[in-house]
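Engineer: One letter stands for each residue in the lines below.
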Amino acid sequence: MAYQFDFAPVFEHTNLLLSGAGFTLALTAVGAVLGIGLGIVGAICRAWRIRPFDSVFGVYVEIIRNTPFLVQLFFIFFGLPALGIKMTEWQAAVLAMVINLGAYSTEIIRAGIQATPRGQLEAAASLALSRFQIFRHVVLRPALAKVWPALTSQVIIVMLGSAVCSQIATEELTFAANFIQSRNFRAFETYFVTTALYFVMALLIRQLLMQIGQRYVVGRAG
Amino acid sequence: MTMTRRPFLRSLCGLVAGVAVAGVIGSTDAHADVLANVQKTGTLRVAVPQDFPPFGSVGTDLKPRGYDIDMANLIGKELGVKVELIPVTSTNRIPYLTTGKADLVISSLGKNPDREKVIDFSDAYAPFFNGVFGPEDVALSKVEELDGKTVGVTRGSVEDLELTKIASPKVTIKRFEDNNATISAYLTGQVQFVATGNVVAAAVNDMTKLRRLGAKFLIKNSPCYVGYAKGEAALGAKLNAIIAKAKQDGSLDAIAQRWLNAPLPKDL
Numbered sequence: 004m005a006y007q008f009d010f011a012p013v014f015e016h017t018n019l020l021l022s023g024a025g026f027t028l029a030l031t032a033v034g035a036v037l038g039i040g041l042g043i044v045g046a047i048c049r050a051w052r053i054r055p056f057d058s059v060f061g062v063y064v065e066i067i068r069n070t071p072f073l074v075q076l077f078f079i080f081f082g083l084p085a086l087g088i089k090m091t092e093w094q095a096a097v098l099a100m101v102i103n104l105g106a107y108s109t110e111i112i113r114a115g116i117q118a119t120p121r122g123q124l125e126a127a128a129s130l131a132l133s134r135f136q137i138f139r140h141v142v143l144r145p146a147l148a149k150v151w152p153a154l155t156s157q158v159i160i161v162m163l164g165s166a167v168c169s170q171i172a173t174e175e176l177t178f179a180a181n182f183i184q185s186r187n188f189r190a191f192e193t194y195f196v197t198t199a200l201y202f203v204m205a206l207l208i209r210q211l212l213m214q215i216g217q218r219y220v221v222g223r224a225g
Numbered sequence: 005m006t007m008t009r010r011p012f013l014r015s016l017c018g019l020v021a022g023v024a025v026a027g028v029i030g031s032t033d034a035h036a037d038v039l040a041n042v043q044k045t046g047t048l049r050v051a052v053p054q055d056f057p058p059f060g061s062v063g064t065d066l067k068p069r070g071y072d073i074d075m076a077n078l079i080g081k082e083l084g085v086k087v088e089l090i091p092v093t094s095t096n097r098i099p100y101l102t103t104g105k106a107d108l109v110i111s112s113l114g115k116n117p118d119r120e121k122v123i124d125f126s127d128a129y130a131p132f133f134n135g136v137f138g139p140e141d142v143a144l145s146k147v148e149e150l151d152g153k154t155v156g157v158t159r160g161s162v163e164d165l166e167l168t169k170i171a172s173p174k175v176t177i178k179r180f181e182d183n184n185a186t187i188s189a190y191l192t193g194q195v196q197f198v199a200t201g202n203v204v205a206a207a208v209n210d211m212t213k214l215r216r217l218g219a220k221f222l223i224k225n226s227p228c229y230v231g232y233a234k235g236e237a238a239l240g241a242k243l244n245a246i247i248a249k250a251k252q253d254g255s256l257d258a259i260a261q262r263w264l265n266a267p268l269p270k271d272l
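Order-wise, the sequence lines are chains A and B.
Mapped onto this note's numbering, the consecutive letters of the first sequence carry residue numbers 4 to 225.
Mapped onto this note's numbering, the consecutive letters of the second sequence carry residue numbers 5 to 272.
Just chain B, with the same shape it has in the complex (with noise of 0.2 Å):
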């Protein structure tokens, strides 16, 4: 009796099992193809920021504008198809995505193993950086080269915390309470350089010629990457051909000049 029980039992687990999988793989399936479906219905919805100038903010139209607003269209206009944005936070942009109420999230995100567990991750499509910025004629290329200078930092910032760790005691850090009265005290000529990020550095040169910031160099990596869901390998290798022949083309350049005052890193 007990013998003929055990082959029923292992085949009970078995067929459990074999249902479960396929139950897994019948729902990859199911919505597996966003990007056939994307064609299908001719809309690619797209998660971006809102509160993010110059990725994403919006315009004096009440319409959104951006770096990440101008990729989503390009990457729509390349698949064909129409562009429906979704105004995300920072907060809830990966959770439209895995709840599948957008196909791509394009919201200046950056890469972290976190985040790689639970979504896929395209090519970078925007630089986002912090470094060391300064007058455009004063040659400087790396930390060592700032002993004897000035740098004003914002008190706490991500770009403190590293400057402190990577510069000599020879370097003066002035820390200062918050972004503007950083920038004031480098614009007004009481620091010589200071530690922001690239973002901010393209708003202060949109914003006054008065002592135009240069990037020097780079204290903290951390580019934009575009978002889609796990296992869409298809619209990852899509992503990728479309923001490599944006690049290629000059159409991400123009992009990062419109809104980054600045080139696009060839590194990126």
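Here chain A stands alone, though its shape is the one from the complex (with noise of 0.2 Å):
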């Protein structure tokens, strides 16, 4: 009686299989770009002690940070309605990514610009360097050069993770295979393929921000 293995009646629904793969890649890549962006604005805040915008972000950040996303995600979906708050899956998934991966960088990035030494920014000064130059050149792309590999970690983590947005019928991957894993049953044809499939675009976001790094962050860095 051992197992038949049988893929076809996974691959029969191949199409809804990369529907799914490719919301979740668009959940990522909305989620990265907001995220990042909410990140560097915290970092900002935070490492320069702007009140009283810190002391916002830096509850924000012990929140986020010391809670599941899961039940991040159902206080957005389940929860806020009682406060008349309403959002579609989608809109709730892209809003519980944000915020998750805006504290997580927030973090990341801060450390990145606390390691820039003063005697930089006092060199950028006596160049007659504007506030924004100093800021753009001399604090954020060093910073974000420094600790690009671990928001890139950070952005794969985020996408693996929105694996659970299958629980409020958000129709991204895991529910792709939830829902053929219901259809057919064939438990391991399906989380096998759709293994390997997140695998796939794992590696491939990683490639691609090693690229954009190397490109637009840490080429131009030095």
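It is worth saying that the hints were derived from the structure and are not from the lab.
Wrong hints could be hidden among the right ones.
As the list claims (entries may be wrong) - Listed below are the simulated EDC-like cross-link pairs for lysine to aspartate or glutamate, each with C-alpha atoms no more than 20 Å apart in a straight line:
hint, chain 1, residue 1, chain 2, residue 2
1, B, Lys169, A, Glu15
2, A, Lys149, A, Glu110
3, B, Lys153, A, Glu174
These numbers come from a predicted model, not from an experiment.
Taking the hints as your guide, dock the two standalone chains into a single complex.
Structural biologist: Below, the structure is given as structure tokens:
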């Protein structure tokens, strides 16, 4: 009575898997751009102690980094309607990912900013660079260059974490997998294919972010 | 010689067959009249669920309670005998009956051809169906009217599979991981309707007054029947008479109101 492997019932739903994978990538892309943007703002507020935003971001970072992503998602989707804030599952998923990545990237980027020696800022000021020029060339870019690998990993963690968005009926890759599995009961085959898809997607994102980093961040920072 | 042996063999065969038939008839006769037996001993042994509210669960006083227990007591009262409840699970409820450990199975039992081969069923005594539920003030009576609406459902459940078959592509079906998420999505207004079981809807209405679930239309009907051993026509007739009377005098309706928070459907 050895198990008969049969991938055909899974590949019948290839379209569903591909659209799920596409939605996962789209969620990740929007989440990553907005989340890292939020992280940059948060990191500056915290690193330069801009009141009162530094403490606001401090509380935000602590709350998000010390609670499960799934609970944050449920809070947004099932909890906020009690306050009259109703979102579709996509809006809720994107918001949860942005908020989550925002908190982690705040801390990651802050580490990068604080690693820039004060002497460099003074040197930049003595070269008569404007505040914006200092910020852009002396603070932000070297900071991002230092923490780029960590940010890349965090984006991939968020992409993999987006799997739980299937719980609120967001039709991303894990939703597609669960859906297919609930129809054909081919658990091994379905999740095997899904795992492979996630793996490939993670590798692709890592490659893509490394290229972007080399080209726009690290390459010009030195 | 051979001529004389033939009739002998034939009569031997006849004898064996006769004994076998007599044996079968005799054995059915021996425990045939469950009804008479129950009335003689004054006890009705009923297999009831203990893990399936609201049909049967264990109350805070550790006594079984639920729709099926009330039904068992109602039958016991009509027969004028004491009821002995035997807690069973959904897998062993039919074996309890076929091995004679119970006189009746009242355990949210649905009818299907496989079961009908081994036991007999009374008339239906309780509604059990999957359907679409929604706000009580919204009119909706058939699947076509769902077009453009959003329905929540638990992924992979019977109602998911059935609704997927009958609903047009214009219906947005949102599939959630489990019953709790599906119900939460409805209660928080994330979906307009839900497809679920009447029992789940009753339990939800029992727990929250937030956004009550009213039955809209039926997806799959599978009412509950009292199960009894094969070949007990007298018992079956008596059960059906009791159920008919209980439907008439409103006592079954009272049980439905108590446990399902809904009146007994008229077509039951």
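Engineer: Now tell me, hint by hint, if it's right for this structure.
Structural biologist: Okay, the hints, checked on the actual structure:
1. A threshold of 20 Å between alpha carbons decides the hint, and for Lys169 of chain B with Glu15 of chain A the separation of about 17 Å falls inside it, so the pair holds.
2. For the suggested pair Lys149 of chain A and Glu110 of chain A, the alpha carbons sit about 13 Å apart, so the restraint of at most 20 Å is met.
3. Taking the CA atoms of Lys153 of chain B and Glu174 of chain A, the gap is about 17 Å. The hint holds against a cut of 20 Å.
Comparing the model with each earlier hint shows no violations; every hint is respected.
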